[in-house]
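Engineer: If you're matching them up, the sequences are chains W and E in order.
One gets this note's numbering by counting positions in the first sequence from 1 and adding 10 to each.
One gets this note's numbering by counting positions in the second sequence from 1 and adding 15 to each.
Hint data in this document are derived by calculation from the structure and do not stem from the laboratory.
Be aware that a few hints might be false.
Said to hold, decoys possible - In silico negatives: residues of chain E with every beta carbon more than 12 Å from chain W: (1) T30; (2) K33; (3) E37; (4) D53; (5) K72; (6) S80; (7) L93.
As the list claims (entries may be wrong) - Here are the computed lysine-lysine pairs in the PhoX-like style, where the Cα-Cα straight-line distance is at most 25 Å: (8) W:K71 <-> E:K33; (9) E:K68 <-> E:K86; (10) W:K59 <-> E:K68; (11) E:K68 <-> E:K33; (12) E:K85 <-> E:K68.
What the hints assert, rightly or not - Simulated DEER-style distance windows between Cβ atoms: (13) W:S49 <-> E:K72: 28 to 34 Å; (14) W:S82 <-> E:P54: 36 to 42 Å; (15) E:D53 <-> W:S49: 31 to 37 Å; (16) W:T15 <-> E:R123: 23 to 29 Å.
All figures in this text were calculated on a predicted structure; none of them were measured in a lab.
No residue lacks a Cβ here, since even glycine has one placed at the ideal position from N, Cα and C.
Take a look at the letters that make up each chain.
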Amino acid sequence: AQSVTQPDIHITVSEGASLELRCNYSYGATPYLFWYVQSPGQGLQLLLKYFSGDTLVQGIKGFEAEFKRSQSSFNLRKPSVHWSDAAEYFCAVANTGTASKLTFGTGTRLQVTL
Amino acid sequence: DVKVTQSSRYLVKRTGEKVFLECVQDMDHENMFWYRQDPGLGLRLIYFSYDVKMKEKGDIPEGYSVSREKKERFSLILESASTNQTSMYLCASRWGVPGELFFGEGSRLTVL
Chain W
11 AQSVTQPDIH
21 ITVSEGASLE
31 LRCNYSYGAT
41 PYLFWYVQSP
51 GQGLQLLLKY
61 FSGDTLVQGI
71 KGFEAEFKRS
81 QSSFNLRKPS
91 VHWSDAAEYF
101 CAVANTGTAS
111 KLTFGTGTRL
121 QVTL
Chain E
16 DVKVTQSSRY
26 LVKRTGEKVF
36 LECVQDMDHE
46 NMFWYRQDPG
56 LGLRLIYFSY
66 DVKMKEKGDI
76 PEGYSVSREK
86 KERFSLILES
96 ASTNQTSMYL
106 CASRWGVPGE
116 LFFGEGSRLT
126 VL
């Protein structure tokens, strides 16, 4: 069975600082990988996804993530954080195949200080 | 834009009641999902459906059932609600593998 670990429950960064949110997955083959963001009181929105090809993927709002097979990681990065980035971030992994289900990590809450 | 609509944003029910949570999507998506979200636990998959009348158990199906009679509608049923089912329930849909999930705004259920 697939699983996702987000080791950081809560991260605080200053506005303008760089950000890296960690995500490690467990799956036997090359998975489909996603990052979602949830702002307070809102639903989840897709930031970016990796299916195959270039291991550095670009997403919305200036986010990017890098798939590293050797480390089973898919860390999310942003070079300069804005106060509006404060939210909860979820990494997710999906197995391949018709009945593909998406398994989420426990989330990382990002706080941005001004 | 894809729209996933959950019929109730907030519900309060009593222990033992039968509860229906309805979800409708308007984009002819093949796959639909029900998750529950709890603080510190992230999103946990209850059930999903990859086609009409097809369903698969997720990671925490106990105490829940689902129904998908029409492609656009996926219902989550709590046969006999219990206090430990107090949670935020999120519905999502997807066109197919390996597409992204589109989420509804959630239904916050409180069981007293």
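Engineer: Look at the Cβ atoms of W:S82 and E:P54 and judge whether their distance stays inside 36 to 42 Å.
Structural biologist: 26 Å, violated
Engineer: Lying within 31 to 37 Å: is that true of the beta-carbon distance E:D53 to W:S49?
Structural biologist: Given range 31 to 37 Å: violated, Cβ gap about 18 Å.
Engineer: Can you confirm whether the C-alpha distance between E:K68 and E:K33 stays at or below 25 Å?
Structural biologist: 21 Å, holds
Engineer: Are all beta-carbon distances from E:L93 to chain W longer than 12 Å?
Structural biologist: Non-interface label stands for E:L93: nearest chain W Cβ at 21 Å, farther than 12 Å.
Engineer: Does E:K33 really sit off the interface, with its C-beta more than 12 Å from all C-beta atoms of chain W?
Structural biologist: Correct as stated: the minimum Cβ-Cβ distance to chain W is 26 Å, above 12 Å.
Engineer: Does the structure keep E:K68 and E:K86 at a Cα separation of 25 Å or less?
Structural biologist: 8 Å, holds
Engineer: Quick check for students: does the CB of E:S80 sit more than 12 Å from each CB in chain W?
Structural biologist: 17 Å, holds
Engineer: CB of W:S49 to CB of E:K72, is that within 28 to 34 Å?
Structural biologist: For E:K72 against W:S49, whose Cβ atoms are near 30 Å apart, the range 28 to 34 Å holds.
Engineer: Assess, step by step, whether the Cα of W:K71 is no farther than 25 Å from the Cα of E:K33, and give holds or violated.
Structural biologist: Violated, because 42 Å separates the two Cα atoms, which is more than 25 Å.
Engineer: So is E:D53 really clear of chain W, every C-beta pair being over 12 Å apart?
Structural biologist: Answer for E:D53: violated, closest chain W Cβ roughly 10 Å.
Engineer: Quick one, are E:K85 and E:K68 close enough, alpha carbons at most 25 Å?
Structural biologist: 8 Å, holds
Engineer: Measure nothing beyond the straight line between the CA atoms of W:K59 and E:K68; if it is 25 Å or shorter, mark the hint as holding.
Structural biologist: Judged against 25 Å, a Cα distance of about 29 Å means the pair is violated.
Comparing the model with each numbered hint stated earlier shows that hints 4, 5, 8, 10, 14 and 15 do not hold.
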